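Student: The chain contents come next:
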Amino acid sequence: MIELKNVTKKYGNFTAVDNISFTIEEGEIIGLLGPNGAGKSTTMNMITGFIEQTEGDIIIDGYDMLKKPKKAKREIGYMPEGVPLYTDLTVKEFVNYMAELKKVNKKVRKEKVNKIIEETGLKDVEKKLIKNLSRGYKQRTSLAGALVGEPKILILDEPTVGLDPKQITEIRSLIKELGKTHTIILSSHILSEVSQICSKVIIINKGKIVAIDAPQNLENKVNTNNNIYITVEDPENKIEKMKDIITDIKDIKLICTNEDGTKHYSIETQGDKDIRKTIFTEFAKENITIYEMKKQDVTLEDAFIQLIEGGKN
Amino acid sequence: MLTIIKKEFKSYFLSPIGYIFIGLFLVMFSIFFYTDVVQYGSTNFEYIFYSGATILTFIVPILTMRAFAEERKTGTEQLILTAPISLTKVIIGKFIAATLVVIITEICTFMYFGILCFFGMPHITTALATLLGFLLLAMAYIAFGIFASSLTENQIIAAILTVGFFILTWFLPQFSTVFTNFSLINMFSKFPQGQIDIADTVTFITFTVACILLTLIVLQRRKSVR
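Chains as they are written, first to last, in this note's numbering: chain D, 4 to 316; chain P, 15 to 240.
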């Protein structure tokens with residue numbers, strides 16, 4: 004559906020995007036991740052045809068963006084960063100204008116515009132001027148503008164920035180819903196968002212691709228020690244002995260003592276074995292009450308930081 | 015292209031800009047109607063347009079300064095430049111919308127012609143030639159104004175560039191006769207005498223087209239350096 008071949012973007016001597024290639028299949032939801040200034044927006048701007056690449060080819064649904072821009076652009080709905088809108092139009096006028104720009108057939112235009120306004124939850128505010136809308140509604144209006152014209156591809160640049168938690172969940176479920184019928188690329192620096200929504204993640208740093216994989220695989224790639232966090236009530240400090248009883252424990256470190264007298268420890272284990280069950284039974288025998296026990300999760304956050312920092316070294 | 019024309023024309027009247035342009039022009043025009051025509055007891059409708067051209071020099075930027083500067087500043091240029099529509103159509107659409115506002119203004123000036131008809135017999139053909147010349151001048155001005163607007167994201171700079179350029183071409187002939195044919199206002203001056211000068215008409219149109227092409231080049235180039 005979308006194919007980038009050795010795409011490079013240079014500004015004078017500065018290379019914003021450095022020789023990246025990837026292919027996105029129909030129906031995929033791709034997350035574009037990277038720290039600020041990594042080249043996410045530049046990449047998206049090139050895919051949408053807003054800027055031209057210095058080298059390489061961008062093929063959208065079989066059409067080359069430079070050679071057949073009109074056909075390629077018709078396949079794309081774009082929601083730019085910072086949601087630029089014509090603020091002196093009403094929501095309906097704006098969506099209708101976008102429909103006209105995208106050459107939606109006049110006979111069905113009214114009906115299509117109404118349908119999209121309905122789908123994006125803008126019905127209540129359709130007659131309001133965009134400048135009087137809240138941030139969440141502006142975001143929806145921008146999304147409605149991208150959706151109109153039934154593009155096969157949706158490109159969303161930081162779609163949840165500046166929203167409150169409720170609006171974020173709403174927009175996310177909307178994107179998930181849209182993912183059933185569209186190929187989506189979204190950029191974000193919120194990792195949990197990407198791991199929730201996306202089927203594949205592309206991590207970019209300093210204009211280069213660091214990793215392309217499913218979020219789960221990226222998490223697995225990252226090697227962390229098999230730590231367990233535990234909160235116990237242990238007035239006689241018997242926990243010191245436990246190291247000798249359970250041989251799989253490599254080290255026990257006190258992290259802090261809580262106000263109620265319980266203590267928070269980190270237990271380092273040997274190998275990959277999950278020893279939580281052993282800990283539970285053995286600690287009980289020694290009269291150590293466990294209040295909380297948790298295995299350390301490997302998150303996309305860790306993967307992200309490791310991959311980005313790995314690139315630096 | 016019709017889409018762009020409609021939207022741009024509408025936004026002239028959604029914001030006060032369209033009204034300010036027409037209102038300002040007609041207020042000034044009325045003053046000159048009094049000083050140039052009524053005070054002399056003449057029926058020469060076309061005479062007012064010498065002053066009218068001066069007014070135009072200063073108020074055209076009101077129409078054009080927003081054209082691309084604002085789109086660039088607010089980021090909405092991303093919406094039109096990623097839509098399946100060619101850049102040329104966007105520029106020409108904006109140009110035609112602004113020209114339509116001027117045409118409306120010209121139609122409004124007909125009421126002065128009507129007043130004169132009441133007192134005497136103004137020349138209709140001369141008046142029409144004048145209106146044509148005035149439109150050509152306005153089109154050249156608008157095209158340059160849009161070009162200036164494509165150069166910057168600051169509307170004020172776009173406006174100053176535009177007026178600055180017009181004043182420059184206006185006063186250049188005073189320094190040397192070499193520049194006589196570079197002055198847009200000078201070129202207009204034959205029309206109120208009832209002459210439609212082919213050379214001047216062609217120059218106006220060429221200048222207009224050149225400015226539109228320059229705008230296209232600027233915007234096209236920004237695609238690769240942005």
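One or more of the hints may lead you astray.
[Unchecked claim] No more than 20 Å apart at the CA atoms, straight line, and that leaves these computed lysine to any residue pairs for SDA-like:
1) D:K131 / P:K237
2) P:K237 / D:Y66
3) D:K134 / P:I31
4) D:K71 / P:K87
5) D:K134 / P:K24
6) D:K134 / P:I231
7) D:K130 / P:L28
8) D:K113 / P:K237
9) P:K237 / D:D60
10) D:K71 / P:S25
11) D:K73 / P:L233
12) D:K131 / P:S25
13) D:K131 / P:Q234
14) P:K237 / D:E55
15) D:K70 / P:I31
16) D:K74 / P:Q188
17) D:K13 / P:K24
18) D:K74 / P:I31
19) P:K237 / D:R138
20) D:K106 / P:I231
21) P:K87 / D:K95
22) D:K95 / P:L233
23) D:K70 / P:I231
24) D:K71 / P:Q234
25) D:K71 / P:R86
26) D:K106 / P:A213
27) P:K87 / D:K209
28) D:K134 / P:R236
29) D:K73 / P:K237
30) D:K74 / P:K237
31) D:K209 / P:R240
32) D:K134 / P:F27
33) D:K106 / P:K103
34) D:K95 / P:K237
35) D:K131 / P:T90
36) D:K73 / P:L146
37) D:K70 / P:K24
38) P:K237 / D:T18
39) D:K73 / P:S238
Calculated from the structure, these hints are not laboratory results. Predicted model, so just to flag it, every value in this text is computed and none were measured.
Student: Each hint should be assessed against the structure and marked as holding or not.
Tutor: Okay, the hints, checked on the actual structure:
Of the supplied pair hints, the one linking K131 of chain D and K237 of chain P is violated, its CA atoms being roughly 33 Å apart against a limit of 20 Å. Taking the CA atoms of K237 of chain P and Y66 of chain D, the gap is about 19 Å. The hint holds against a cut of 20 Å. At most 20 Å may separate the alpha-carbon atoms for a hinted pair to count; K134 of chain D and I31 of chain P meet this at roughly 18 Å. A threshold of 20 Å between alpha carbons decides the hint, and for K71 of chain D with K87 of chain P the separation of about 28 Å lies outside it, so the pair is violated.
Between the alpha carbons of K134 of chain D and K24 of chain P the distance comes to roughly 17 Å, so the proposed pair stays at or under 20 Å and holds. As the CA atoms of K134 of chain D and I231 of chain P are separated by approximately 32 Å, the hinted pair breaks the 20 Å bound. At roughly 14 Å between alpha-carbon atoms, K130 of chain D and L28 of chain P fall within 20 Å of each other, so this suggested pair holds. Distance restraint check for K113 of chain D and K237 of chain P: the Cα-Cα separation of roughly 33 Å exceeds the 20 Å cut-off, and the hinted pair is therefore not satisfied.
For a cut-off of 20 Å, the pair hint linking K237 of chain P to D60 of chain D stands: about 16 Å separates their Cα positions. Restraint check for K71 of chain D and S25 of chain P: the C-alpha separation of about 31 Å exceeds 20 Å, so the hint is violated. With a C-alpha separation of about 17 Å, the suggested pairing of K73 of chain D with L233 of chain P holds against the 20 Å cut-off. Taken as a hint, the K131 of chain D and S25 of chain P pair is honoured in the structure, with Cα atoms around 16 Å apart against an allowance of 20 Å.
Our distance criterion of 20 Å between C-alpha atoms is broken by K131 of chain D and Q234 of chain P, whose separation comes to about 35 Å. Using a Cα cut-off of 20 Å, the hinted pair K237 of chain P and E55 of chain D holds, with the two alpha carbons roughly 6 Å apart. Straight-line distance between C-alpha atoms of K70 of chain D and I31 of chain P comes to about 38 Å, which puts the hinted pair past the 20 Å bound. Taking the CA atoms of K74 of chain D and Q188 of chain P, the gap is about 53 Å. The hint is violated against a cut of 20 Å.
With a C-alpha separation of about 39 Å, the suggested pair K13 of chain D and K24 of chain P falls outside the 20 Å cut-off, and the hint is violated. About 35 Å separates the Cα atoms of K74 of chain D and I31 of chain P, which puts this hinted pair outside 20 Å; it is violated. For the hint linking K237 of chain P to R138 of chain D, the alpha-carbon distance of about 29 Å lies beyond 20 Å, and the restraint is violated. Proposed proximity of K106 of chain D and I231 of chain P is contradicted: the alpha carbons are some 25 Å apart, above 20 Å.
Between the alpha carbons of K87 of chain P and K95 of chain D the distance comes to roughly 23 Å, so the proposed pair goes past 20 Å and is violated. Among the hinted pairs, K95 of chain D with L233 of chain P is inconsistent with the structure: their alpha-carbon atoms are about 29 Å apart, more than 20 Å. Of the pairs offered as hints, the one joining K70 of chain D and I231 of chain P holds, with about 18 Å between alpha carbons and a cut-off of 20 Å not exceeded. Our distance criterion of 20 Å between C-alpha atoms is met by K71 of chain D and Q234 of chain P, whose separation comes to about 15 Å.
Distance hint between K71 of chain D and R86 of chain P is unfulfilled; the C-alpha atoms sit about 24 Å from each other, more than 20 Å. Between K106 of chain D and A213 of chain P, the direct Cα distance comes to roughly 40 Å. Violation of the 20 Å bound is thereby established for this hinted pair. Between K87 of chain P and K209 of chain D, the direct Cα distance comes to roughly 26 Å. Violation of the 20 Å bound is thereby established for this hinted pair. Among the hinted pairs, K134 of chain D with R236 of chain P is inconsistent with the structure: their alpha-carbon atoms are about 28 Å apart, more than 20 Å.
For the given pair, K73 of chain D sits about 15 Å from K237 of chain P by alpha-carbon distance, which is consistent with the 20 Å threshold. Between K74 of chain D and K237 of chain P the alpha-carbon distance is near 18 Å, which keeps this suggested pair within the 20 Å criterion. Between K209 of chain D and R240 of chain P the alpha-carbon distance is near 18 Å, which keeps this suggested pair within the 20 Å criterion. With a C-alpha separation of about 17 Å, the suggested pairing of K134 of chain D with F27 of chain P holds against the 20 Å cut-off.
Among the hinted pairs, K106 of chain D with K103 of chain P is consistent with the structure: their alpha-carbon atoms are about 14 Å apart, no more than 20 Å. Between K95 of chain D and K237 of chain P, the direct Cα distance comes to roughly 30 Å. Violation of the 20 Å bound is thereby established for this hinted pair. A distance of roughly 19 Å separates the Cα atoms of K131 of chain D and T90 of chain P; the hinted pair therefore holds under the 20 Å criterion. Taking the CA atoms of K73 of chain D and L146 of chain P, the gap is near 37 Å; set against the 20 Å cutoff, the hint is violated.
Distance check on the hinted pair: K70 of chain D and K24 of chain P sit about 33 Å apart at the alpha-carbon level, beyond 20 Å; violated. With a C-alpha separation of about 16 Å, the suggested pairing of K237 of chain P with T18 of chain D holds against the 20 Å cut-off. With a C-alpha separation of about 18 Å, the suggested pair K73 of chain D and S238 of chain P falls inside the 20 Å cut-off, and the hint holds.
Hints 1, 4, 6, 8, 10, 13, 15, 16, 17, 18, 19, 20, 21, 22, 25, 26, 27, 28, 34, 36, 37, counting from the list given before, are not met by this structure.
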